[in-house]
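Visitor: Chains as they are written, first to last, in my numbering: chain A, 1 to 435; chain B, 436 to 870; chain C, 871 to 1360; chain D, 1361 to 1850.
None of the hints are false.
Below, a list of computed lysine-lysine pairs in the PhoX-like style, where the Cα atoms sit at most 25 Å apart: (1) LYS726/B - LYS1329/C; (2) LYS1819/D - LYS291/A; (3) LYS1329/C - LYS1316/C; (4) LYS1053/C - LYS743/B.
Source of the hints: derived by calculation from the structure; they are not laboratory data.
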Amino acid sequence: MLATIGVERLEDLFQDVPASFRFPELNLPPALTEMEAFAEMQDLASANESTHDLVCFLGAGAYHHYIPAAVDAILRRGEFLTAYTPYQPEVSQGTLRAIFDYQSLITSLTGMDVSNASHYDGATAAAEAVSLAYANFRGKRTKVVLSPNLHPHYRQTIHTYNHGSAIEITGEQVDIRMGPKALIPLIDENTALVIVQYPDFFGRIYDHTALVEAAHAKGALVSISANPLALGMLKAPGEFGADIVTGEGQPLGIPLTYGGPYLGIFATRTEYVRKMAGRLVGETVDNRGQKAYVLTLTAREQHIRREKATSNICTNQGLMALASAVYLSLLGKHGLRQVSELCYHKAHYAARQISQLEGYELWNSTPFYHEFVVRCPLPVEEINAYLLENGILGGYDLGQDYPELESHVLLAVTEMNSREEIDLLVETLAEVPHE
Amino acid sequence: MLATIGVERLEDLFQDVPASFRFPELNLPPALTEMEAFAEMQDLASANESTHDLVCFLGAGAYHHYIPAAVDAILRRGEFLTAYTPYQPEVSQGTLRAIFDYQSLITSLTGMDVSNASHYDGATAAAEAVSLAYANFRGKRTKVVLSPNLHPHYRQTIHTYNHGSAIEITGEQVDIRMGPKALIPLIDENTALVIVQYPDFFGRIYDHTALVEAAHAKGALVSISANPLALGMLKAPGEFGADIVTGEGQPLGIPLTYGGPYLGIFATRTEYVRKMAGRLVGETVDNRGQKAYVLTLTAREQHIRREKATSNICTNQGLMALASAVYLSLLGKHGLRQVSELCYHKAHYAARQISQLEGYELWNSTPFYHEFVVRCPLPVEEINAYLLENGILGGYDLGQDYPELESHVLLAVTEMNSREEIDLLVETLAEVPHE
Amino acid sequence: MNEPLLCDLSVPGRVGIRYPAPDVPLAELPAGLERQNLPLPEVYEVDVVRHFTRLSQLNHSIDTGFYPLGSCTMKYNPKLNEETARLPGFAHIHPLQPIETVQGSLALMFELQEWLIEIGGFAGVTLQPAAGAQGELTGILIIRAYFESRGETQRVKILVPDSAHGTNPATSAMSGMRVVELKSDLRGNVDLGALQAECDDTLAGLMLTNPNTLGLFDENVEEVIRLVHQAGGLVYGDGANMNALLGIVRPGDLGFDLLHYNLHKTFSTPHGGGGPGSGPVGVAAHLVDYLPAPVVAILEEADDESDLPPLYGLVTPSKSIGRVKAFHGHFGMAVRAYTYMRVHGKEGLRMISEYAVLNANYLLARLRDHYHVPFDRICMHEFVAEGRWPDAPDIHALDVSKRLMDFGFHPPTNYFPLIVHESLMIEPTETESKQVLDAFAEAMIKIAVEAHHQPELLKNAPHNTPVGRLDEVKAAKELVLCCAVGSYTE
Amino acid sequence: MNEPLLCDLSVPGRVGIRYPAPDVPLAELPAGLERQNLPLPEVYEVDVVRHFTRLSQLNHSIDTGFYPLGSCTMKYNPKLNEETARLPGFAHIHPLQPIETVQGSLALMFELQEWLIEIGGFAGVTLQPAAGAQGELTGILIIRAYFESRGETQRVKILVPDSAHGTNPATSAMSGMRVVELKSDLRGNVDLGALQAECDDTLAGLMLTNPNTLGLFDENVEEVIRLVHQAGGLVYGDGANMNALLGIVRPGDLGFDLLHYNLHKTFSTPHGGGGPGSGPVGVAAHLVDYLPAPVVAILEEADDESDLPPLYGLVTPSKSIGRVKAFHGHFGMAVRAYTYMRVHGKEGLRMISEYAVLNANYLLARLRDHYHVPFDRICMHEFVAEGRWPDAPDIHALDVSKRLMDFGFHPPTNYFPLIVHESLMIEPTETESKQVLDAFAEAMIKIAVEAHHQPELLKNAPHNTPVGRLDEVKAAKELVLCCAVGSYTE
Ligand SMILES: Cc1ncc(COP(=O)(O)O)c(C=O)c1O
Ligand SMILES: Cc1ncc(COP(=O)(O)O)c(C=O)c1O
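Chain A extracted, bound-state conformation:
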């Protein structure tokens, strides 16, 4: 090969690299063989305690659900796993149709008109909603009303994305005990977007119709960050009149994997599709008269539009979107409702039992989905440490993000938690030493 190229040694190919820095000695360990590497990775993995080992009541944006075996069987298929973004539709109909299926499923689930092919995660999807709204008003509206009840990570991400921009964020100062209506007074003619979460970060479910009406009355858009699994039993955000629905798709068949890769859901109304970030698959025909699918409206995207693109997003979460499409297909109309209700009933059972314990009090006073807040008699850290000793992964310590919620824990219950597990949690909570 070197002869064909016309050089003598491999090193000759690197003449353009400044000689003084060429071929640095890397201070790295030597190669392992496959069997050695596998053994090392097994050791690392078993240095973790997984949700297979622990009884999990931790949620706060990532949830422990059952993943049907068929999901991974599809994800492992090399044809899906090792393909690139389907730029060449003639040899990518598999991915394209799967995305089209995904788009169809997400629009159905959210009650919206269109869904993109995915965003990175729930946080960045929420942040992209701001960009859409800002672009929609061509920068003429600069205010975003952000509910304090949106996941703290999502809010932080929105702040990061918009730091130093013209956008001014307000709303987080509102009393968290209030529902979405508390945001209404903040919406004005300069408001581009209102962002709420459904169920909110504390698990509470509110009807957002009035909020949407109020926002629309001022000409503002509303984006709802929803848990897609909750939508199996709860009114679709589309029914509230939301303009944008975002969400974290992890509950739909995606393993916890210490936080990622997950799936950013992004759906909106037809009128905003050209302002939307991310890929979109559309239906068309080929030159043989067959139905076929292709990336469309690419003129929004960075590879065509460059600095005028709606977003810089390129690689997104294709395989995770596929996972959720397989998951939603398997569960379907009945299964999703069933799982959604299982979470609901079990969470309510747990909440009821815990609220009867001395020293523990249910903070939520309004309807909630599968997460709820409990005021504890001790710092959450201490309680969680005791739970962990007993093989239980306790809830999220809300004091980290909300000073007013010190000693409040956010507990999540899913279909994975049997009644025995819930009872164990309750008993163990009752036993926490009050020293």
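Place chains B, C and D with the ligands on chain A using the hints.
Guide: Okay, now just chains B, C and D with the ligands, sitting in the frame of chain A:
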């Protein structure tokens, strides 16, 4: 659908079933959902201690080897996993070509002319060798000389298969300390087949040339049951002049799985191919002029020949043959040799170290491969119990099958055993309480 | 379809996986026994993965389409089973581990035995046989041992109906028994007269497939069994067709003395392109002692007081025929089958058979007017039609089969039962939806029309497959059974 | 290619998986908030598995063939990585678990940070960004925060060479910076004159891809960086092309202030049909405090005496720009990339780049006489040819691409770099063998001949793919972006 059929109720379809026994109440538990079943199976599985948890020195016909990740990635492909035997070649070229690859690999490895598409396991493959030989002499030779150094399970299977038939089995009375030459005096003009193992059950490796010559001088055939992984560094049985090579293919990329499914290897000379049991794939062309593959010489098989078939075998070990083909392709010429030698060197290191321990003595005095016999100062059961307490899966207690080898253990060492593990074994053996 | 063979991909020096250097002192290699030449491929991991991935795409499979291959029960194989079988606690245990370390496996095997006992109406089960045919062999060996122990060594005759699968006569012959073929009557049942004629004191047994390979439940099954028993013989059931009978009738209740199950048919373990299977054998009480070794048993009962589970172990029945293979059977298949049974449970098992039979009858009803069905009555889980028409003399069943491939369907079974000419043996299984059945029926009907009006479409079929019809004579005559020797090394 | 959509497969009443009934008392459903209509598919598991299995077969993928898509580094993705990422200890841990319970994960992330620091010559790394583009965003936000903290808020200009990937200008614009395009000189380097002209005190930085998207290592890279630094700006590296530089040169040594890696390119994590990716960012010492939160750090050093390992934890850098997403980045991709690095090690990493560059130059050498290569010098891991000939005026790069499909190859990248007309951006990667490269070269050469003599073969290509060329205008005009509402429920 019932209307199309013309019955009213589903039960009407079962009128031919005697009413008194129809629709019995089965005394079985109710259905579990997928998530419940998975949890139950996880519980069962974790009630076992696996070779991931224990340091394994147990062999005796099934070995703990590294399985490259690519093997299972191929085996999981639904197109291989959920196809039937390739009776319809036009829609089965995947399986057919993979088997052809397998046949090619096995003939290369064994040094034979042809390989079938697989047999159930090492034991039944050895038993089928008897049938081949018997058929070859049209029942005119009735004696089989069976080395006592063949795996006890294989010998038992041969006995089971031939119980009550005209075949008379001899040879097992020979002193196990002797090599294959001890069998030569037993071979006569009535001998159809001589069966030996290579490396033998005690791990010993012998040159079988003289035995084969002696057998051939009497007109008898010789079948060698070989460990295919050992053939990575050892002379191929074909080079000894063997007429049949059988073997257990498990070491070639097949997980231990508590004993099965494994892979029966069966290879022979061209002249015996029509007497051979099992499926065979041959090369041909299709009506478009393409090279193509098809099951051939089916006139030997039960579905054509019925009671005159060479064997009753139908379903064999297709997927396991595929596993071994992927394994052999990945390792190839260099890798197989390397693994084979790793086992050899590590076993010899272990044997040397153990033989220096007080009370332990190496029984093998001739060359051995990756297994060896150690005389122990205590009953093997006691030693193994102590090893197990220390996380080590000890060797096979030979006293079970060979009374003369009471307190003798058969230890296997593979590439999976690091020097530290071997040293741990040696130290632990040294410590076994001699109460 | 230009995927080369592995041997053509090989390039000296390549390797698909690396191994560590020895961490121990090297031992001397055995003089004179060292291998000089190892002609294996030299390829990279990517070559191997691409090769086999591409090959896989040349297959029809259940995962890609309908597979109504009669007698093979090509039902969908749930993905859950593949996960449970791969749990490290199942996949990575050695068959000779001390029983204390494998109680999970033994418990599973014990439970599976119990399920099969209950489903079949038997008293004992062995999980050892590797496949249906080996189950048959086990059964015949048990029959022989039974008569031997009773001193009735003259009983060497095994009756096999002419509709039987090839393994039945092959097995009997292999076990040194004398095979006598029994003809079927006009309704597809065993011909009682012919049976009676063979009922003498040399009779060892009858191998009966019920429902038989025509998909018909023998209307005289009780009488058939009575006759055999009366003559002192035993009745062996070929349980390949158990998919019709789960929760419908227990063969043991009907009087079957023993029967093999095919876990790879009835209980959804995947066929793997030709195995591995698993062929457990169930036996009535009088045969339990003859089961091959080992069988899983409870060695120490559970102790509820101290909350101790039972201790399971491996035992050898007192008059065991011995081993039929190494170790304890296809445990990996047992895991899959057990998972499947747990997911279906008592009610689910019956539904499996009900829907299997419903689907077959539905297809039969849809095809009856287009294909001749020689034994046309309510069928069980499958039925046999003929792929020939008096007014389309050139067309054979095989042509229909090949043409079906063009519609994306796997053909029915063609080579048996031999008693039907040009047979198309169709078994839809319960996992197919009405949509699929309808699409298949429509293709079949279209083909029946084509057979009359465009016969060349069938004769030249398939058209849309990776390869066309093969020259099978050339394959058998020229016998190329592997890559040329040395082809891996240039 | 008649695979229906999911919505067309739906039949009321079906379900692909069952769930247990509640084992707790039912709670009242929330009044007025209950869902009335859930229009999702109703199908069986077999339908789902078949649907997606069949769909998968319509894809070209690395596992089925050569994929020389320039700038995407479509190298083979070792199967080992898929196994390690699925180990329950990695796949089933919650991102918010107490750090004591996830020391394995944190150790892995810490080590991966260290490897990336060493490979790139940086002082710190964040694993948080989800993909390359988000890495860029992170980088630009860091640059802005850096200048902000120094009071240099007037620095809002980001220079982007005209050869840059679209994400570079898009990112800069998205972060509210002013994008100025820099032209390339005749050898494909940054035009030093043009650069100098922009070096003023509004300069925030330069986004430089090196090797650039022509596959060329900028011959003046040190001077380019010197100029930017001298003007007070920072140099951001788009590390999408790091596959050329592992062990060859460390961007940090050259003076890059920060750079993103694409684990899904350089470090073999699979592309998944469009993600997930992972875009860690490495930064020089002066930018470490600005990294997004959290970063993995050692909270308590290892204690060798008592044989205690270090305690790893998550920390927020002092001047952190904040979070760029929820939780800690794409940990699953980190596992795969780390596995890959461990398997390659120090020597192996350099070999990756050497072979990637060798393969690209070999292909370049083989194609040079048949395709015009506008910047023809020794390339790095990829090169750009033109898919046009003066004497074949109707042929475009896209025609060459489509025709390549007929030979079983994925086409090169077409849509960029924009500075080459009709660009064919070819990146073979190091995992392809000479055989594959030769077969590809021969197909390319054949197509070049066809372009002149049978242009219609190219214009009408592809011929052998599941679908032919698509009507993209119709797709954009009629905008059918999902199944019709309610199509899941008849
Ligand atoms: C009726 C019948 N009996 C026996 C067998 C043999 O079973 P196996 O292939 O598992 O050996 C089959 C297999 O097709 C069959 O259909
Ligand atoms: C040069 C270059 N920069 C940036 C990117 C964007 O990376 P990602 O797709 O991971 O967001 C790409 C991806 O193709 C690229 O090629």
